[in-house]
Amino acid sequence: MREKLLGLIERNCKIDVSDLAKMLGVTEANIVEELEKLEKEGIICGYLTLINWEKTSKEKVTGLIEVRVTPQRENGFDKIAERIYNYPEVKSVYLISGAYDLLVTLEEDTLKGIASFVSEKLSTIDEVISTATHFILKKYKDHGVVFDNNLKTERETVTL
Amino acid sequence: MIHKLSEKVINIKPSGIRKFFDLVAEKKDVISLGVGEPDFDTPWHIREEGIYAFEKGRTFYTSNSGLKDLRIEITKYLKRRYNLDYDAMSETLVTVGGSEAIDLAIRAIVNDGDEVIIPEPCYVSYKPCAILANAKPVVIDLKVENEFRLTADELLDATTDKTKILVLPFPNNPTGAIMEEKDLKEIAKVCIEKDIYVITDEIYAELTYKGKHHSIAEIPGMKERTVYINGFSKAYAMTGWRLGYACAPNEIIRQMTKIHQFAIMCAPTISQYAAIEALKNGDRDVEMMKESYNQRRLFLIESFKEIGLPCFEPFGAFYVFPCIKKYNMTSEEFAMKFLEEENVAVVPGSAFGDSGEGFLRISYAYSIENLKVAFEKLKRFVSKL
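In order, the protein sequences belong to chains C and R. Position 146, counted from 1, in the first sequence is what this note's numbering calls 1059; the numbers after and before it change by one each time, with no gaps. Position 367, counted from 1, in the second sequence is what this note's numbering calls 370; the numbers after and before it change by one each time, with no gaps.
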C-alpha cells in the first residue's frame, strides 16, 4: 500500500484522506498512520504547490548552473553541495554524472541577481573549478505537469 | 419511386443507450458516467509510432488479414499473457475493432434459424448481429445472486438441438462480472458435450482486478470450437484507432476473412503500425491504467456502501452495476430523474437486456474528481427518495 499511497499523493497532495482510504481499500486511520510514518522516516519531505509564475505579474528568473568541483578527501562532494544548498535562493542541487559534477537551480527576481550569485558566492568557493550558467526561457512541463494544458474535451458520445 | 426498406433492419430496435444519450446531449454541464471509453489518451509512444508511420508514407492498404508483423505480435502477446497458442498466419485476423470481429464470427458460423445463446445483461451488438445473420438469439437472464456469471445449469437449460453458438462476454460490459477458471471449466464441459461454438469477447481481459484473467480457449477441447476476440480500445486506450482482432481455427478464420475482405478490405494501416508498438512496449501503460481504474472501482464500491446502495463487487472492465430496486422505480425512471435533478448521466441497466432492469451501469472510466462530485450528487439524490 505504501508505494501506491506515495504514487497517489505525489500527483496530488491535496487528495482527502477519506478518498485515499476508499481508493486503496483501507481505513482512514491506516492512511493517517502511514502518512505520519512516511513523514517521520523522511520519505515524505514536503507538500508543495506547483505554480506557473509566468501567468502572474511577479518577475522571476530561473538559472541552471553546471558546476565542476574538486571532490574533497573523506567528504567527496557532500560538503561542497551543502555549502551551496544552504543558500535559500538555491532551489535544488543534484550530483550529476558526466561532464560536470553539480547541477544547481537558482531562482532570483532579476538576471543580475543570478549573475552576482554565480560570480560572488559560487565561483569563490575554493573547490569550484568552473561554472556554466543557463537561463530558463519557458517552462513547458514541470514535475510531470504540462503547463498551459488545454483541457477542452473534443469527445463525442457514442453508443456502446 | 420509394421501395420498402429491409424489414429485418427496420425491426431492429435502436440501442437503448442511444436514446438516453440523445437526451443527455440536449442538456448542459452534465457530468456523464455513461460512456464506456477510457478517459486516458493513447500512450504517447504508441501515438508517436502512428505519426512515424504517416511520415514514412505508410498510407497503403495492408493485406486483408492484417500486417504480418502485427499478427505475429498478437500471437506472442496471447501466449505471454493468456497462454493461448495461435498460428499468426493461419489463425488470426485483424479487424476494425472487436465489434467487427463479433459480426464476422456470427455470420461465418450460423445458418438460417440456428440459435445463438446470449447471456444478458451484455453489450448491445450481439443480438442485432445474430438477427442480421438470420439466426435466432436465445437470451439467458444472468442473476445478481451469481454475481452475473454464467452457470453451467443456465447454459444447459438454454441449449436445444438448434444451438450453434454461445457468446461469452467476460469481463462483462455492463455488469463488470468476470468468469474465473473454475466457472469457465464448467461452461466448457457443456459446450463440448453439446457440441457448440463459443465466441468469447475478451476485450476487457486486461482489466481484471481479481487474480489472473483466463480465457475459455485455453481449456483443452475448446480452442477448436472457439473464436477468441480482443482488441486495443480498452487495454491501450485506443478506441478511435478502431482496431481489434479475432483468433480461431483456420476453417473459421478463412470464412471470416472472406466477409472481412469484401466488406472492409483491411483494418486501418496506421493503426496497425501503432498497435505493434502497443503490444511490444505497452505493458507498463496497461498496468498503470489498470491500477488507476482499480482505485476508482474501490472508491465507488465503498461509496455505495456508505449510502446503502446494494452492489455486488465487480472484478472486471470499468463498470459498476448497483441495484436500485429498493426505490420502486425502473432503471430508466431512476436514470431520467437523476439526470433531471442532479445533471448526472448514468445508463439504465435495462438498456443491456431485461435482466438489467433494476440496475444502473456506472462507468468509472472517469477521473476521481468527477466520480467524487457525481457521488455527492447521488448521495443527495437518493436521500430524498
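Take the hints with a grain of salt, since some may be wrong.
[To be verified] Derived, one-sided and incomplete: chain R residues facing chain C with beta-carbon distance under 7 Å: (1) Gln-298; (2) Phe-302; (3) Glu-305; (4) Val-376.
Source of the hints: derived by calculation from the structure; they are not laboratory data. From the three backbone atoms N, C-alpha and C, an ideal C-beta is built for every residue, glycine too.
Against the structure, the hints:
This hint holds: R/Gln-298 has a C-beta 4 Å from the nearest C-beta of chain C, less than the 7 Å allowed. Nearest Cβ of chain C to the Cβ of R/Phe-302: about 4 Å, under the 7 Å cut. The hint holds. Taking 7 Å as the C-beta cut-off, the interface hint given for R/Glu-305 holds, the closest approach to chain C being about 4 Å. Hint status for R/Val-376 relative to chain C: violated, with the closest Cβ pair at about 12 Å, above 7 Å.
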